[in-house]
Amino acid sequence: MRFGEFGGRYVPEVLVPPLEELERAYKEIKDDENFKKELDYYLRSYAGRPTPLYYAKNLSKELGMKIYLKREDLLHGGAHKINNTLAQALLAKYMGKSRIIAETGAGQHGVATAMASALFGLKCRIYMGAEDYERQKMNVFRMKLLGADIVAVNSGSRTLKDAINEALRDWAENFETTHYLIGSVVGPHPFPTIVRDFQSIIGKETKEQILELEGSLPDAIVACVGGGSNAIGIFYPFVEDEVRLIGVEAGGEGIESGRHSASLSAGSKGVFHGMLSYFLQSDEGMIKDTQSIAAGLDYPGVGPEHAYLKDTGRVEYKAVKDDEALKAFIKLSKLEGIIPALESAHALAYLEKDESLRGSVVVVNLSGRGDKDLGIVLEALR
Amino acid sequence: MIEKSLIIFLPACYPDRESTLRFMLKAEADLLEIGIPFSDPIADGVEIQKAYYEALKSFKLCDIFWIAREYKKEMEKRLILMSYYNPIYRYGIKRFVEEAYESGYDALLIVDLPFDEAGEILEVSKDVGIKNVFLAAPNTNNERLKAIDELSEFIYLVSTYGVTGVRKEVSKLTFEALKRTKSICKKPIAVGFGISSREHVRMIFNAGADGVVVGSAVVKIVEKFGRSADEEIKKFVEELKSYQTP
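Residue numbers (the numbering used here), protein chains in the order written: chain A, 120 to 501; chain B, 20 to 265.
Hints listed in this document are in silico derivations from the structure and should not be mistaken for laboratory results.
Treat the hints with care, since some could be wrong.
As the list claims (entries may be wrong) - Think about it this way: if two alpha-carbon atoms lie no more than 16 Å apart in a straight line, the pair counts; the simulated EDC-like pairs of lysine to aspartate or glutamate are:
id: 1; chain 1: B; residue 1: LYS79; chain 2: A; residue 2: GLU403
id: 2; chain 1: B; residue 1: LYS76; chain 2: A; residue 2: ASP408
id: 3; chain 1: B; residue 1: LYS76; chain 2: A; residue 2: ASP402
If we strip away everything but chain B, and leave its shape as in the complex, we get (with noise of 0.2 Å):
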């Protein structure tokens, strides 16, 4: 599924789904990551906490499968779906599972449902055919990151501790956390968490990494000009991807 891909990350329907829409088939990412607004994002920093509040004051669930369906008549590229468990527990878990992929998602990521827990995703998704991608950490001992290289169809690699958020620099525990991550790991390695500039992303693929996400960067832009953030946002991917110019 990643290849050297960038992966950019968007809540949905902040502040609208259309304008999530635009975003996506304007930025020109290798890969597409949504994220369902949840009340109590524990595993969020101030950028997607803001974002998902303000986006839940018109949020329905089935804007999330008209997004899909919509990009997906103009787009090939895979689109990843981000989200806490409960909104998917509470519709029915086959149900949201079903109407995931058929509405057009390729793989699904619950941040607050380690794989111990996941029994029951796994086996639904896996009927359905929608792929499963599970979050490490740079303190995922190693016979948990083989676990979750078993069960994920590429490894999400978090890089640091704590929350989503634009940070200045990446830590050396990232690169610590990437190198042995791929020593266990067979699966594609992606690094989001806190991944804010082209330097970081270079720095990161030149670390090995076969995806980047940047997500909180994004949402800032989004937050700043609203509506009309198509071309910040298709600009800012460019200049992303531009990464390995000098």
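In isolation and in its complexed conformation, chain A is listed as follows (with noise of 0.2 Å):
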């Protein structure tokens, strides 16, 4: 399947059987009573949904527009991350496998998949690049408790990406056993099918929520895009109405510095990673490293999807600086008391810098909890 032009599946041809696989389980599977009633009981039960939609009077306030936040940053492990993880282990449970594999950036997919494995008694290894590995530690240190096996991948620029490249190494050669828990709405047909399908949670309740808060829907739904996970999940169910939807991209040091991970405002149409999509990459079509003080943003594409939903106008994308996303977080923990994602952080500071939202009002994506982020934020401050 194909959004636009977007998606497809770039894999070689080893990987087609495992894919087919997974295609045809999650058909029979996805509108299986027992399934959505198990998966209902653990999003329940055990990861915290429905997550409130709290109204920010005081940011409202001092911003000029009254703000919801879609606190997904409440839910067990601090994100978002929980709804695919769980959704995607039952899934991989239902096929008979018995082992996880995944990557991981800053480690929150990483944490989400390693307690999803825990819970249903999956083996489980984890991805990491080796410079996330280091930047990251506390991290390590909880999927390790949580009985993950951790790999820190030395090769290539060491991070986001190279961590998939090596998942998709290990999925080549173990995938009758083993099932691809990938984090966000990228990679090959039909992971970005899947992963959007279990994220859109966050719309629907958030539909829900809005209208009875409300009596209407909102003006705008803000949210961060690296992958795009939490932006399609809260976009999705609203695409067919009159709602601005905004995505902000992690601007790094600014797009002009060409540091930055912002593969929508600046990349261009490219195949990577089993997808057809816009990345970041040179003009012999290297992928480029990125940067952005948000490890979940780091990556040089974005989810076909979304790559759609920009070329169809449907979805503005913006990007959002290292320095704007700092500042935004600390206002939000002085104003509110709470401590965002750097990633959702990112969202946040788009608020100040769109004059026309004032006055609207506007959900904002809360994507995840700032606890694993304070060290980086500490060293920034300094």
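With the hints as a guide, bring the two chains together.
This is the structure in structure tokens:
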């Protein structure tokens, strides 16, 4: 399946059968009542759904708009990632797989995968770029505590994209026993669709909640975009509605500096990690290293559905720089007593940059909490 | 294109384009397969990953065409160009295929482009006259094998699950896959990935393959001897080719 021209299944032949197997299994299971019931049970009683839609009155007053925060930061593990990992781990179990592999950047998806694997008794291995492994020692320890085996990836730029490369290599060898639990709406078909469906619960809840609170849909929804799973999750149920949808990419040190991760704002079409999408790449098609203060946005590509939503004009994509995100991080902490993840702080920072949002009702997807970022922020403030 | 052929893989511009050309001329392979260095080679093991990483420090796509042009001035043997899809997509599919063919490549193998996604490449290749080679794997079902057999100049059968790289043994899976692929496909079959020694080459030819690809083992020689790997490569290829003598 494609999103316009984007998406597809650009993988070595050996990975075609496992992807077909996954597609078949997913089709069979997604409307299965038992599966839905079981997943719903774990999302509620294990992960903590539904998450509140919180009216941030202090921040609203400060910025002159009505701001609601979708509190995905309150989920078990501290981020929206658990929505997808519980669902895919359950899917893996239904498929008879005994082992889970995943990539992780900052470690949020790795932690959420390790949790779901522990819960369902699945063996778990997490690939993490060696650089991230060093930067995120606490998350490495968390994953180990949760029973996962962590591999520091030393190839290439030693970050998230290399962790995905390594996970794909593992999968090509072990697909018979192993499910690759990809963490964002990226990769070859059917991954972008599966992850989007499992994250759409964010938008579905938001819709019910805002209708109850406001009696109408919001004027705009803002979410940060790395690979794009939290953004698709909250956007998707609103795509057909008259609501402005704004995706905020990591502008790093500024687009003009070349040190950023804004593949939609500054990238070009390419084929990588199994999908046709937008990538940060050289003129000769080599994938570039990226930079962002938020490790979860530090990826040179973006999910193919976002590429499609950009090209059709349905979603606006903007970039916010490291220092702007940092300011928003501090502002929310001080005004609302909520420490956001640096990723989510990008979405918050955008509110101040867009005059047209003043006076309107805006929902921001607070995709994760900021405890994991305290070290980085402390460093940055020095 | 292949008939009991020993195919030697070399990563382009590792360590530089002149060396690659010399290795090509010196290695008396029946066929050469030249790899375009890529930043993120997901189908390759550590040997080729390292080689590509090194090569990319100075690599330009135009070197690929230079290598083939120079080689064809002195040799008439066939050349296969192996690549990941993105450099080709980025360069422009038509422009790339035309230049590849004009510079001397006879066939194009794109590692991460299964035939279902290859519509445009196939169309352009047909117009230009370059051949296409597709991968098959031990888990490729008969239906897909038939489709590959239709479209591919020969079948490049991946010996096992996983990535390229030197392996100690040839797995049982390889022989089962070769047998089934032979029973389904009319085109010749070359086996690659993990084939590293004279003994491996002998076993695979004896099992009925039409070609054997050796890559990572050669890359390791280049890693060890650098620019002066010529003689070592020549010796290694001679050894592989002598697989029939006891």
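Hints, verified against the model:
no.: 1; hint: B/LYS79 with A/GLU403; in the structure: holds (8 Å)
no.: 2; hint: B/LYS76 with A/ASP408; in the structure: holds (14 Å)
no.: 3; hint: B/LYS76 with A/ASP402; in the structure: holds (15 Å)
Of the numbered hints stated above, none is contradicted by the structure.
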